[in-house]
Amino acid sequence: MRLYCMRFLYNKSAILHRNAIIIGDVHFGMEERLREEGIYDETLSERIFNDIKKLILKTGAKKLIIAGDVKDNILELDWKTLDILRRLSQIASITIIKGNHDGGIEKCETFGITIAPAGGIVYEKIGIMHGHSWPNENLMKCNYLISAHQHPQVAFIDRSGRIHKEAVWLVAEPDRKNIKKHYKMFNERIRLVMMPAFNPLVGSTINIRKEKQLGPVFNNKLFKLNDALVIRLDGCLVGKLKDINIKE
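Residue numbers for the sequence shown follow the numbering used here, beginning at 1131 and rising by one.
Hints are not guaranteed to be accurate.
As the list claims (entries may be wrong) - Once the Cα atoms are required to be at most 30 Å apart in a straight line, the calculated DSSO-like pairs of lysine-lysine come out as:
#  : residue 1 : residue 2
1  : LYS1271   : LYS1310
2  : LYS1255   : LYS1184
3  : LYS1210   : LYS1271
4  : LYS1307   : LYS1237
5  : LYS1314   : LYS1295
6  : LYS1271   : LYS1192
7  : LYS1372   : LYS1351
8  : LYS1310   : LYS1193
9  : LYS1184   : LYS1351
10 : LYS1295   : LYS1271
11 : LYS1311   : LYS1372
12 : LYS1142   : LYS1311
13 : LYS1184   : LYS1237
14 : LYS1255   : LYS1354
15 : LYS1314   : LYS1188
16 : LYS1210   : LYS1184
17 : LYS1311   : LYS1295
18 : LYS1372   : LYS1310
19 : LYS1255   : LYS1192
20 : LYS1354   : LYS1311
21 : LYS1237   : LYS1192
22 : LYS1237   : LYS1311
23 : LYS1311   : LYS1271
24 : LYS1237   : LYS1314
25 : LYS1193   : LYS1237
26 : LYS1310   : LYS1142
27 : LYS1311   : LYS1188
28 : LYS1255   : LYS1237
29 : LYS1237   : LYS1295
30 : LYS1255   : LYS1370
31 : LYS1255   : LYS1314
32 : LYS1142   : LYS1271
What the hints assert, rightly or not - Okay, the calculated beta carbon distance ranges per label pair:
#  : residue 1 : residue 2 : range
33 : ILE1287   : ILE1221   : 35 to 43 Å
34 : GLU1206   : GLU1167   : 16 to 24 Å
35 : ASN1375   : ILE1221   : 21 to 29 Å
36 : ASN1375   : ARG1217   : 15 to 23 Å
37 : ASN1356   : ASN1273   : 18 to 26 Å
38 : TYR1170   : TRP1209   : 17 to 25 Å
39 : ILE1287   : LYS1237   : 25 to 33 Å
40 : TYR1170   : GLY1365   : 29 to 37 Å
Please keep in mind that the hints were generated in silico from the structure rather than gathered at the bench.
Just so you know, even glycine gets a beta-carbon here, dropped at the ideal spot from N, CA and C.
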């Protein structure tokens, strides 16, 4: 699906915009936390690396923008994440927007990787942030604001009554009245794009229960979450979030 001049890549939690791949919530090094839970998937980070590499090579992108939570360990930069970032830096120019899991991520600057603040960046007229903190004022002047952090999934009920979950995109319209409380200047036609996590094991089901920690943008109702369009990774429009809510 195309929005403005950016494109949701088919069946991928990634955006292609100009010559950049945009992803978020990669959570490299998640294997350690999984082991503590009794789950052993020792090749997870390597598979994610290969998926990113294939996207870069297939699209011919020159840049990789990671919208936060590059790693799973909140405080430390583990050796596995550091090695993967080193290898990725050899095939694309990388910008990392700091997420709440990215403590110590500055160590990877030695590979020529750019670290941007949590308030986000403007790249080719679109705003990109992680989502756990307030977006910079310049981002609110863009046509689109890309946010990670929430890693949205939607639960669907099949004909047999069983619930299955899948990652989705959400596109939400602004609540101009609430935005004016926090920003003096903004694009009144701005749309927020909530992107699914690139790590396939990370997700929050948003149509069963409303998560309390969506970040300041949603907690302060700057965008109309219930009226957000829900789009599957294959590009199919499901409808509005409020129309597919499931009661527990």
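Checking each numbered hint in turn, tell me which of them this model violates, lowest number first. 3, 4, 5, 8, 9, 10, 12, 15, 17, 22, 24, 26, 27, 29, 35, 36, 39
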